[in-house]
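Number of protein chains: 2
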Amino acid sequence: MIVSIIGLGLIGGSVALKLKKSGFADQVIGVDVNDENADKAKALGLVDDCLVLPQALSIADLVILAIPVDSIRKLLPSILDRIDENTTVIDLGSTKSGICGAVLGHPKRKNFVAAHPIAGTENSGPEAAFDSLFDGKTGIICDKEESQESSFQLAKNCLESLGMHVVEMDSKSHDLHIAYVSHLSHISSFVLGQTVLEIEKDEASIFNMAGSGFESTVRLAKSSPQMWAPIFKQNKKHISDSLGAYIENLQAFKQMVDGEQEDAMIHCMDNANDIRRVLDGINDKSNQTEKLNQII
Amino acid sequence: MIVSIIGLGLIGGSVALKLKKSGFADQVIGVDVNDENADKAKALGLVDDCLVLPQALSIADLVILAIPVDSIRKLLPSILDRIDENTTVIDLGSTKSGICGAVLGHPKRKNFVAAHPIAGTENSGPEAAFDSLFDGKTGIICDKEESQESSFQLAKNCLESLGMHVVEMDSKSHDLHIAYVSHLSHISSFVLGQTVLEIEKDEASIFNMAGSGFESTVRLAKSSPQMWAPIFKQNKKHISDSLGAYIENLQAFKQMVDGEQEDAMIHCMDNANDIRRVLDGINDKSNQTEKLNQII
Numbered sequence: 001m002i003v004s005i006i007g008l009g010l011i012g013g014s015v016a017l018k019l020k021k022s023g024f025a026d027q028v029i030g031v032d033v034n035d036e037n038a039d040k041a042k043a044l045g046l047v048d049d050c051l052v053l054p055q056a057l058s059i060a061d062l063v064i065l066a067i068p069v070d071s072i073r074k075l076l077p078s079i080l081d082r083i084d085e086n087t088t089v090i091d092l093g094s095t096k097s098g099i100c101g102a103v104l105g106h107p108k109r110k111n112f113v114a115a116h117p118i119a120g121t122e123n124s125g126p127e128a129a130f131d132s133l134f135d136g137k138t139g140i141i142c143d144k145e146e147s148q149e150s151s152f153q154l155a156k157n158c159l160e161s162l163g164m165h166v167v168e169m170d171s172k173s174h175d176l177h178i179a180y181v182s183h184l185s186h187i188s189s190f191v192l193g194q195t196v197l198e199i200e201k202d203e204a205s206i207f208n209m210a211g212s213g214f215e216s217t218v219r220l221a222k223s224s225p226q227m228w229a230p231i232f233k234q235n236k237k238h239i240s241d242s243l244g245a246y247i248e249n250l251q252a253f254k255q256m257v258d259g260e261q262e263d264a265m266i267h268c269m270d271n272a273n274d275i276r277r278v279l280d281g282i283n284d285k286s287n288q289t290e291k292l293n294q295i296i
Numbered sequence: 001m002i003v004s005i006i007g008l009g010l011i012g013g014s015v016a017l018k019l020k021k022s023g024f025a026d027q028v029i030g031v032d033v034n035d036e037n038a039d040k041a042k043a044l045g046l047v048d049d050c051l052v053l054p055q056a057l058s059i060a061d062l063v064i065l066a067i068p069v070d071s072i073r074k075l076l077p078s079i080l081d082r083i084d085e086n087t088t089v090i091d092l093g094s095t096k097s098g099i100c101g102a103v104l105g106h107p108k109r110k111n112f113v114a115a116h117p118i119a120g121t122e123n124s125g126p127e128a129a130f131d132s133l134f135d136g137k138t139g140i141i142c143d144k145e146e147s148q149e150s151s152f153q154l155a156k157n158c159l160e161s162l163g164m165h166v167v168e169m170d171s172k173s174h175d176l177h178i179a180y181v182s183h184l185s186h187i188s189s190f191v192l193g194q195t196v197l198e199i200e201k202d203e204a205s206i207f208n209m210a211g212s213g214f215e216s217t218v219r220l221a222k223s224s225p226q227m228w229a230p231i232f233k234q235n236k237k238h239i240s241d242s243l244g245a246y247i248e249n250l251q252a253f254k255q256m257v258d259g260e261q262e263d264a265m266i267h268c269m270d271n272a273n274d275i276r277r278v279l280d281g282i283n284d285k286s287n288q289t290e291k292l293n294q295i296i
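Taken in order, these protein sequences are the chains called A and B. Under my numbering, read the first sequence as residues 1 to 296, first letter to last. Under my numbering, read the second sequence as residues 1 to 296, first letter to last.
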């Protein structure tokens, strides 16, 4: 099978590496608007060859879009216009409703499968790619009923070849939940980094006094602004709601601090401690498989 | 040398293990108000023996307080009352001004050294202790001029035996900076955990959709409420200021999201990205030593 990957950053590059390694793809073709990225991806051995978009579309059995969500939304209709009947297109964007909305009623909507691998790091670009990025992670497929069976199966096989468990849900639920468990984390981290850098202007105190806790909380602040701004724009409503709830809870906590209300603080932190149980669930693979089976 | 450690949780237990392993202590005595903790610490081999406080104080060359900061503040004056002239007392609390204030003018103030190891994990209790917790971390000593030279040197040797680089600063600066680079991170994480748990009541969506990014951002929400509430109370002013600044920046970011101001969001995230350079400094040991030498 020939797979053409549009966008050769962390996600696209890692997909390329793993699909080749797993034997899913016989040939991996890369496309990147940035020539430097394309050259690096080829030099790093992520792809077999780089082509321009029309050529890459014409020879592909499967086209994978690993570009920012605004570019996916813009490009996807014209890609569907140009592919032949037997080609499947998957996107890997972090928002799903807007992208699905952009091709609603398109004659080749059935050739498209909306997907979101819950995987990533704070690093970006082809140099950041590695083949185990998706191992054991969750791959979400949205609005399955809009895709033809053969395209859905191909997309599912592809995500599984990448090492993921596949979960299905509708694109609207996806965007709601992902606002809380991913997009909000990124904003909390970006703004934490910003706040500390604004105050600690000499940096020596950050350098000396920051421990692994700070580093963990602020890790996502290293993420790519060009990738995240379009996500925040496309999932505006849910992100605004989740951010509003977060701000309200922080204001309540600030009042407890100001009022030295230790019992109230402990109650609040006790509740938050429950995240340990939930996260331990995430890390417990047997439990994960069991829970996933209940859902699928 | 006989070292008595008051408080046998993550910090006290890890200190015990490493001081024995490094040869700094010939004998490590443990004290814990919780008998179960004391028994566990002994069973786990963290300490040679557990004694009641008066006995532990009477035989110790060095007393280390590894208990919550409100307990340190309460207990420290009476501990100084009871030790003999040649005993040194170190505390390892995460706030310093209030603790130093509690023994200001005490006849044995010079026997006390105020310290803060910038090390920890989200886990607590004697089972969480491990001997490499402090390796390569920063150990801060505050208000050095209030301690006698022999006690300061003993404390410095002790922190270095634990594997730390020692940095000196005054307790007021400590509390200001640590509010931003540690205490604020903990609140942002506790409240993020709380917010997500409030909304995602069924937990299945957290379980399926949370990636490593969420896990990293919310890790500190697993921390001990009993340890953190007194810290937030003792460092109230600086924490309130830092939390206020964080909330304001989040409100500004929410306005950018609501107004779809992509350029403003990118500008803000670009600034936050600078944390990568600062954190890379933290992780680069040669750079760290160089920077520390400039400061000491």
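Worth flagging that the hints you see were computed from the coordinates, not collected in a lab. Some hints could be false.
Because identical chains share one entry, a pair is satisfied inside a single copy or across any pair of copies.
Claimed, not checked - Straight-line Cα separation of at most 20 Å, SDA-like style, residue types lysine to any residue; simulated pairs:
no., residue 1, residue 2
1, Lys108, Ser124
2, Lys233, Ala43
3, Lys254, Asp202
4, Lys110, Glu168
5, Lys21, Glu262
6, Lys172, Asp70
7, Lys74, Thr121
8, Lys40, Ile59
9, Lys236, Glu260
10, Lys236, Ile247
11, Lys201, Ser58
12, Lys236, Glu200
13, Lys20, Gln148
14, Lys40, Ser173
15, Lys237, Asn249
16, Lys40, Phe130
17, Lys137, Lys233
18, Lys237, Gly98
19, Lys254, Gly244
20, Lys236, Lys254
Taking the hints in turn, this is what the structure says about them:
1. Lys108 x Ser124: neither (31 Å within a copy, 56 Å between copies)
2. Lys233 x Ala43: neither (34 Å within a copy, 55 Å between copies)
3. Lys254 x Asp202: neither (26 Å within a copy, 28 Å between copies)
4. Lys110 x Glu168: Answer is within; shortest intra-copy Cα gap is 16 Å, inter-copy 66 Å.
5. Lys21 x Glu262: Answer is neither; intra-copy 54 Å and inter-copy 38 Å both fail.
6. Lys172 x Asp70: For Lys172 and Asp70, only the intra-copy Cα distance (17 Å) is at most 20 Å; the inter-copy one is 48 Å.
7. Lys74 x Thr121: neither (25 Å within a copy, 44 Å between copies)
8. Lys40 x Ile59: neither (22 Å within a copy, 66 Å between copies)
9. Lys236 x Glu260: For Lys236 and Glu260, the Cα distance is within 20 Å only across copies (8 Å; inside one copy 35 Å).
10. Lys236 x Ile247: Result: close both inside a copy and across copies, 16 Å intra and 19 Å inter.
11. Lys201 x Ser58: neither (53 Å within a copy, 46 Å between copies)
12. Lys236 x Glu200: between (31 Å within a copy, 18 Å between copies)
13. Lys20 x Gln148: neither (25 Å within a copy, 66 Å between copies)
14. Lys40 x Ser173: Neither. Shortest intra-copy (37 Å) and inter-copy (46 Å) distances fail the 20 Å Cα cut-off.
15. Lys237 x Asn249: Intra 19 Å, inter 19 Å, cutoff 20 Å: intra and inter.
16. Lys40 x Phe130: Answer is within: at 14 Å inside a copy they meet the 20 Å cutoff, but 43 Å across does not.
17. Lys137 x Lys233: For Lys137 and Lys233, the Cα distance exceeds 20 Å both inside one copy (26 Å) and across copies (40 Å).
18. Lys237 x Gly98: Within one copy, since 12 Å is at most 20 Å while 44 Å is not.
19. Lys254 x Gly244: Both. Shortest intra-copy (15 Å) and inter-copy (8 Å) distances satisfy the 20 Å Cα cut-off.
20. Lys236 x Lys254: For Lys236 and Lys254, the Cα distance is within 20 Å only across copies (9 Å; inside one copy 26 Å).
Checked against the numbered hints above, the structure breaks hints 1, 2, 3, 5, 7, 8, 11, 13, 14 and 17 and satisfies the rest.
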